[in-house]
Amino acid sequence: MGITLKQSKKSSVIRLEGAVDIGSAAELKTMLLRACGSGREVRVMLDEVTDLDVTAVQLIWAARRLAEGAGMAFTLAGTMPESVSSALGLAALQQFLVPLDAS
Amino acid sequence: MARKADQFKNAFREEAREVLVDLESALLELNENRGDAELVGRVFRALHTIKGSGAMFGFEDLAAFTHNLENAFDEVRNGRLKIGAELIDLTLAALDQIRAMLEESQAATPPVDQAVCAEILAGVRHLTGKPEKESAGARPAKPESDNGAGCEAGSGIDSGVDMDQIHEWSIHFAPGADFMLNGANPLLLLRELGLLGGLALRASMAAVPPLEELDPERCYLSWDMVLATSAERDGIRDVFIFVEDSCELTIEAVTSAASRSDRMTAAGEDPNSAQTNTASVNTADLTAKGLEDIRATSGGRRHYDAPDNASSLRVPAAKLDQFVNLVGELVTVQARLSEIVAQRDDVEIAAVSEEIERLTSSLRENSMNIRMMPIRATFEKFRRLVHDLARDLGKKVELTIAGAETELDKTVIDQLGDPLMHLIRNSMDHGIELPDLRVARGKRSTATIHLSARHSGASVLIEVSDDGGGIDAEAVQRRAVERGLVVAGTQLSERETFAMLFQPGFSTARQVTDVSGRGVGMDVVRQRVDSLRGSIDVTSQPGRGTRVTLRLPLTLAIIDGLLVSVGEACYVLPLANILECIELTLADIQRANGKHMANVREEIVPYIRLREHFNIPTPRPEIEQIMVVQTEQGRYGFVVDRVLGNCQTVIKNLGRFYRHVQLVSGATILGNGRVALILDPERLAEDAVRAISHCARGRPAGAALRAGR
Chain A
5 MGITLKQSKK SSVIRLEGAV DIGSAAELKT MLLRACGSGR EVRVMLDEVT
55 DLDVTAVQLI WAARRLAEGA GMAFTLAGTM PESVSSALGL AALQQFLVPL
105 DAS
Chain B
104 MARKADQFKN AFREEAREVL VDLESALLEL NENRGDAELV GRVFRALHTI
154 KGSGAMFGFE DLAAFTHNLE NAFDEVRNGR LKIGAELIDL TLAALDQIRA
204 MLEESQAATP PVDQAVCAEI LAGVRHLTGK PEKESAGARP AKPESDNGAG
254 CEAGSGIDSG VDMDQIHEWS IHFAPGADFM LNGANPLLLL RELGLLGGLA
304 LRASMAAVPP LEELDPERCY LSWDMVLATS AERDGIRDVF IFVEDSCELT
354 IEAVTSAASR SDRMTAAGED PNSAQTNTAS VNTADLTAKG LEDIRATSGG
404 RRHYDAPDNA SSLRVPAAKL DQFVNLVGEL VTVQARLSEI VAQRDDVEIA
454 AVSEEIERLT SSLRENSMNI RMMPIRATFE KFRRLVHDLA RDLGKKVELT
504 IAGAETELDK TVIDQLGDPL MHLIRNSMDH GIELPDLRVA RGKRSTATIH
554 LSARHSGASV LIEVSDDGGG IDAEAVQRRA VERGLVVAGT QLSERETFAM
604 LFQPGFSTAR QVTDVSGRGV GMDVVRQRVD SLRGSIDVTS QPGRGTRVTL
654 RLPLTLAIID GLLVSVGEAC YVLPLANILE CIELTLADIQ RANGKHMANV
704 REEIVPYIRL REHFNIPTPR PEIEQIMVVQ TEQGRYGFVV DRVLGNCQTV
754 IKNLGRFYRH VQLVSGATIL GNGRVALILD PERLAEDAVR AISHCARGRP
804 AGAALRAGR
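The listed protein sequences derive, respectively, from chains A and B. Going by this note's numbering, the first sequence opens with residue 5, and the numbers climb by one from there. Going by this note's numbering, the second sequence opens with residue 104, and the numbers climb by one from there.
I should point out that these hints are in silico values taken from the structure, not numbers from a laboratory. Each residue gets a CB set at the ideal place from its N, CA and C atoms; glycine is no exception. Mixed in with the good hints, there may be bad ones.
Simulated pairs of lysine to any residue, SDA-like, Cα-Cα distance not exceeding 20 Å [stated by the list, open to error]:
1. B/Lys-112 to A/Gly-27
2. B/Lys-499 to B/Pro-538
3. B/Lys-112 to A/Ile-26
Partial pick of chain B residues on the chain A-facing surface, computed with a CB cut under 8 Å [said to hold, decoys possible]:
4. Met-283
5. Asn-288
6. Leu-290
7. Gly-297
8. Arg-305
9. Pro-319
10. Cys-322
Make a model of the complete structure from these sequences and hints.
Listed below in structure tokens is the structure:
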């Protein structure tokens, strides 16, 4: 499990790895706030996650709303593993995390 | 976090125990009515609940084990497997293992016997004819594998289910603030729900606050769903059983296509708007067609249900006890306030005091009501005992239950299990004859044990009766003489004879068996009933059967009483027993020629003068009061000097030293700080009758507040 934030001149990239759930929700919020506060494009990488729970979904969704409200690009990149997307699909949550590549 | 998880596990244990009790009684009922589909459904739902929730709270072994049983009952539900004694016995044995698994991590509980578990599973597999790997390996953690994606197009519905029984339910589910912190996971719940049938759902982000204000450990999402299933409302509710207190949940039957789509649209705001927090259409669309198909097959059958407003809250019993204690204190203080106000001439304070009295009274009534529970669960658990014992003893016995809805105080119910168990064991072992002997005696080969409960005044009567051989009164008397309890040649009444049965170590059984005969059980019954301030009555007819009646107080906390005085002493009589209050003048006494009889509207009521009964030396007033009281022995009058008025009576124990005092059921503290004894009208009447019959036999009337048996 891990959440890493890399900031470059152009963008802030948050990479999610392993199970991202209530145990790491506070950390994810901090990272997302920091990324959104940078004023650069925010990019969240989802291809390494093995589990996402509702706390992660709602944080990412709120961050996207915040970034887009401030006129920043917010991108969900990478394809989640099938097991994660189908688990979210059963709760009708996958459409909140549809990968949208700004490019 | 770990403590939270433990708390949640404990809550699961508590609720699972209740589900197991229901499961057990459903199984035993099913044993008697093997074709009852509703009972099969009840068993299946209970197993399903234990499995699903068990997995959710980390009881994986328990969930995997239960899964096998659930499979077996699914086969039964679909008509592929017939209910037989073997399946019932296996499932009952499995219940014991599930119980052990539930308690395993608790201290001082024996470990689960894996060998027994394996044996049970092998038995179940043998019945269902499923190969080992499929049955044993199917962990509920991966339910998709056995039921497909429950969410889509109704694929989760069993093929064997009659489409006529599919109904649609509109469900709104919004986890509360501490839902996630309690260890619950909404995704697992939704997946569980999907297993019940075709589920179309829409998630809403409407309540999610801006990121800065968002509490990362809270679930703000909510879901609106339409579920097409053969399960009933209770079955759906069962999925949420362990989280019901920490979420918002409504389940309504969908009555028309229009209302369903209204509901789904309302749930996700306007689907056409580009509002950022609106979820786009999702599986609902995929599922919509599936639902329409299901509806088409169902022959247009609709269910019109009343809106479900039932909601309940689980509160630890200790908190409730504390609450009732506080109410008790309040009642005592309020009595003191009323006393002080009565001595002053202040209209304003008097008005406030009256208001407080009124409020205290309704607060007391409410708090007492909260503690009241139906006796059903206690009664139902004896089905298993009777079933198992009958098998062990080679007897045929059916248990019938009446008045299971009778409510009594939780404390009383908690303490009732042991005495009832001993009475039933005794009945099964000594009372009921073997089938051959019964037939030889011209009785039905199947014996009946009847458990019943009913209210009588401020008491509850609980009866255990059987149609066995009855008690041999002569044998009891002989044994009593042998043990030196009575002098040989003493004439004992039936009541006195049977009272011997409850002496410690008393047994007429020639043989000590596993079930009874050591003479311990009945002593336990008496001690427990005494500690509850109850009484025991035994009647028996040789060859016809025995009936044991336990009379127990409705509550052990606070009662409505009538405060009376005799000389300087004050007493409380339970208001529930009192019929009326009439004057007793000297002229009345003369008219009765000195007999203790009062003429109440042409009806003769015998009375007891408490002054004489309690040896109170003060002179009696010219006009006395007769309290006419209804007892099991009929109507009696208790003569007192004055009636002082109503009194909310907080019952206090007299303590160990006075525990054998029979005529008094406790004491209470009055507003002026004095202590008043609470009289027990039943025992008072019994004592008076006994005193009169002893007088008739030439013995002096006993001292009134004598020690008991």
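Each hint, compared with the structure:
With a C-alpha separation of about 19 Å, the suggested pairing of B/Lys-112 with A/Gly-27 holds against the 20 Å cut-off. As the CA atoms of B/Lys-499 and B/Pro-538 are separated by approximately 7 Å, the hinted pair is consistent with the 20 Å bound. Taking the CA atoms of B/Lys-112 and A/Ile-26, the gap is about 18 Å. The hint holds against a cut of 20 Å. Below 8 Å, beta-carbon pairs count as interface contacts, and B/Met-283 has one with chain A at about 5 Å; its hint therefore holds.
Taking 8 Å as the C-beta contact cut-off toward chain A, the hint placing B/Asn-288 at the interface holds, the least distance being around 7 Å. Look at B/Leu-290: its Cβ gets to within about 5 Å of chain A, closer than 8 Å, so that hint holds up. Below 8 Å, beta-carbon pairs count as interface contacts, and B/Gly-297 has one with chain A at about 6 Å; its hint therefore holds. Because the closest C-beta pair between B/Arg-305 and chain A is about 6 Å apart, less than 8 Å, the hint holds.
Among the interface hints, the one on B/Pro-319 holds; its C-beta lies about 4 Å from the nearest C-beta in chain A, closer than the 8 Å criterion. The beta carbon of B/Cys-322 is positioned within 8 Å of a beta carbon in chain A (closest approach about 5 Å), and the interface hint is therefore held.
In terms of the numbered hints stated before, the structure departs from none.
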